[in-house]
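2 protein chains.
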Amino acid sequence: MNTLSFNIAAVERDTGLSKDVLRMWERRYGFPTPQRDCNGERVYPADQVERLRLIKRLMDQGHRPGKLIGAPADELASLAPRRPRPVESTPPAEAVELDELLALIKQHNSAGYQQAMQQRLARQGLQHFVQDTIAPLTEKVGEAWENGSFEVFEEHLYTELTKRLLRQVIATLPTAGRGPRVLLTSVPDEPHVLGLLMAESMLALEGADCVPLGTQMPLLEISRAAEAHRADIVALSFSVAFPQRQIPGLLQQLRQMLPANIDLWAGGRGVARVARQEGVQLFATLDDALAALAAWRAARATAS
Amino acid sequence: MNTLSFNIAAVERDTGLSKDVLRMWERRYGFPTPQRDCNGERVYPADQVERLRLIKRLMDQGHRPGKLIGAPADELASLAPRRPRPVESTPPAEAVELDELLALIKQHNSAGYQQAMQQRLARQGLQHFVQDTIAPLTEKVGEAWENGSFEVFEEHLYTELTKRLLRQVIATLPTAGRGPRVLLTSVPDEPHVLGLLMAESMLALEGADCVPLGTQMPLLEISRAAEAHRADIVALSFSVAFPQRQIPGLLQQLRQMLPANIDLWAGGRGVARVARQEGVQLFATLDDALAALAAWRAARATAS
DNA sequence: AGAGCTATTTTGTCTAGGACAAACAAAAAG
DNA sequence: CTTTTTGTTTGTCCTAGACAAAATAGCTCT
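Going line by line, the protein sequences match chains A and B. Those letters in the first sequence? Residues 2 to 305, per the numbering used here, in order. Those letters in the second sequence? Residues 2 to 305, per the numbering used here, in order.
The hints are simulated quantities; they were obtained by calculation from the structure and are not laboratory data. Ideal placement from N, C-alpha and C gives every residue a C-beta, glycine not left out. One thing to keep in mind: the hints can contain errors.
[Said to hold, decoys possible] To be clear about the criterion: a stretch of chain B counts as covered by chain A if any three or more of its residues have a C-beta under 8 Å from a C-beta of chain A, and this derived list gives those stretches:
#1 26 to 35
#2 118 to 129
#3 132 to 143
#4 282 to 291
[As the list claims (entries may be wrong)] Distance ranges between label pairs, derived from CB positions:
#5 Gly63/A <-> Gly41/B: 41 to 49 Å
#6 Gln116/B <-> Ala276/A: 41 to 49 Å
#7 Ala123/B <-> Gln125/A: 13 to 21 Å
#8 Arg298/B <-> Phe32/A: 30 to 38 Å
#9 Ala296/B <-> Ala285/A: 50 to 58 Å
#10 Arg231/B <-> Ala276/A: 43 to 51 Å
#11 Asp190/A <-> Thr176/B: 28 to 36 Å
#12 Glu152/A <-> Ala296/B: 54 to 62 Å
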């Protein structure tokens with residue numbers, strides 16, 4: 002087999018590190034050390050790409066590159082996520098059951114996983130199923146990926162199967178028209194959709210009129226869509242992986258574009274530690290979103 | 002309302018034009034002409050961002066930037082896509098029905114669209130529904146977006162609703178284990194999933210054992226997943242929007258990583274004009290994929 | 001004419017290093 | 001012990017030049 006090599010664009014694709022950062026690290030830290038082709042362009046060997054991916058994963062957990070790049074291979078020992086873990090409030094019995102679901106994914110047993118989830122859904126009912134099964138399970142998958150016990154493709158499989166399940170459930174809900182019209186989407190560079198689906202299922206269950214637009218909408222398009230659909234609320238989801246510092250700016254910009262009578266909501270693990278914004282409602286949990294829905298209805302009821 | 006302005010990263014996000022390209026155009030063509038903030042960084046006014054988005058859309062249709070940037074506003078007249086249009090082989094009666102479906106999306110009538118699609122599915126059966134409704138409809142949506150009669154968010158709505166429908170249908174198919182195990186995914190920078198879902202529904206209908214991994218898998222992960230799932234076939238989908246010139250390189254690279262006994266298939270409108278590759282099977286239509294499935298089974302039957 | 005080949009223009013990506021501000025960690029002050 | 005100030009780390013943006021791949025134009029040959 003030919004030795005695999007990557008140009009800088011391919012490394013950016015596969016690692017998520019921008020070209021600027023790759024060149025900067027080379028200059029500052031002396032790593033990576035790509036060879037050059039006949040045009041003087043960087044050529045990265047596969048093992049360095051692998052190492053960069055590992056470093057990126059650890060960085061997403063809160064480690065700093067300066068520390069990581071020097072260490073040889075005992076980084077594997079520094080698995081410990083440096084981000085403050087939310088306190089594990091799941092009762093032990095529940096946790097065991099969730100681990101069993103994770104194990105099914107880890108064994109690549111799609112059919113078994115789907116069956117087990119259907120069973121739980123029937124037992125818990127939609128609301129509890131979303132809050133007590135899907136939400137913590139997604140959290141656990143994220144953790145498993147961060148600490149290396151899940152491969153990327155295993156996370157993808159989990160996501161894909163769970164998306165299907167949620168969409169299927171949503172399709173069976175009656176399309177009631179009594180609630181506010183909620184437009185659900187995410188900003189560019191935020192491809193995670195599970196949070197949106199969870200929110201949609203909860204809101205739809207309460208009779209809200211949801212318009213799912215998928216992920217990664219340019220901000221201008223979001224405001225256009227909100228007007229075209231005569232939405233009452235624009236709801237965004239930010240995953241924990243989304244760069245936190247960009248969130249306030251994005252929300253402000255979107256708030257400026259939107260007509261004042263359209264509410265802007267933002268939820269997901271990504272907004273947990275974001276400062277409160279003028280004209281934007283932030284939700285740490287799905288319960289908060291439901292409370293906000295009730296509040297919205299109450300405000301409208303008294304106003305009219 | 003405050004005048005909206007964008008920094009270069011925001012413009013990249015919203016237009017899809019890289020920072021390098023934005024700076025290059027400014028240097029070469031004198032457009033765009035961003036102002037500078039107190040740090041000397043570019044600040045783009047909203048109307049130039051709008052114009053850049055228009056230019057990008059026309060470029061995706063095959064126009065060249067040099068011609069577009071000079072023209073003032075009569076570009077609107079040059080709507081004509083310069084890409085060779087595939088001959089419209091849809092019989093007129095069918096075409097009218099498809100246009101009715103498009104109109105439902107254009108009116109943002111989600112419920113009506115879903116109902117109409119369910120009806121067609123029941124009438125045509127899954128195979129014909131996918132081949133004669135979803136495939137041409139997706140094509141038409143792409144065209145409508147290219148010529149500006151569809152907004153981005155309308156395309157998103159179509160995609161989201163159609164994804165749901167297909168996934169729902171796939172979920173109802175029996176999980177037969179007789180066929181080859183097919184791993185379905187797409188490469189990084191290829192977020193379009195409808196092609197994959199269409200392929201999955203057809204293959205699953207024929208009894209193949211599909212493993213859907215969603216989109217945008219790094220190549221190294223694809224090969225890892227293929228081994229972990231003991232896949233017989235890795236199937237990739239490339240949309241027409243994917244940069245054609247990158248495809249051969251990607252396929253070659255992946256082919257090198259994969260064990261020789263795992264087939265590599267690639268389909269979708271994106272591969273229609275890609276040259277044949279050693280060790281890779283390219284499909285222009287869904288029928289080709291079904292034929293390849295039959296061929297795979299025949300080869301295995303005689304071999305064993 | 002039309003099919004193929006070669007030259008020229010167009011266009012995007014890569015390279016280099018410098019500058020600076022935002023995020024973070026450490027030290028000093030209350 | 002908490003808060004503020006100072007220093008370090010780190011990412012993004014900047015200019016400007018070089019070059020290769022793609023698209024077009026021009027040519028030749030059938």
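Status of each hint after checking the structure:
For the stretch 26 to 35 of chain B, the proposed coverage by chain A is not satisfied: 0 residues have a C-beta within less than 8 Å of a C-beta in that chain, short of the threshold of three. For the stretch 118 to 129 of chain B, the stated coverage by chain A is violated: 0 residues have a C-beta nearer than 8 Å to a C-beta of that chain, whereas at least 3 were required. Note: the stretch 132 to 143 of chain B has 0 residues with beta-carbon separation from chain A under 8 Å; the three-residue rule is not met and the coverage is violated. Three residues within the 8 Å Cβ limit are the bar, and the stretch 282 to 291 of chain B against chain A gives 0, so the coverage statement is violated.
Taken as a hint, the range 41 to 49 Å is violated for the pair Gly63/A and Gly41/B, whose Cβ atoms sit roughly 32 Å apart. Checking the proposed 41 to 49 Å range against Gln116/B and Ala276/A shows it holds: the Cβ atoms sit about 44 Å from each other. Roughly 32 Å separates the CB atoms of Ala123/B and Gln125/A, a value that falls outside the hinted 13 to 21 Å. Against the hinted window of 30 to 38 Å, the Cβ-Cβ separation of Arg298/B and Phe32/A comes to about 49 Å, which falls outside the hint.
Our hint of 50 to 58 Å for Ala296/B and Ala285/A holds, since their Cβ atoms are close to 54 Å apart. Range check, Arg231/B to Ala276/A: about 49 Å between beta-carbon atoms, so the 43 to 51 Å window is met. Separated by about 35 Å at the C-beta atoms, Asp190/A and Thr176/B satisfy the suggested range of 28 to 36 Å. Checked against the hint of 54 to 62 Å, the C-beta distance between Glu152/A and Ala296/B comes to roughly 31 Å, which is inconsistent with it.
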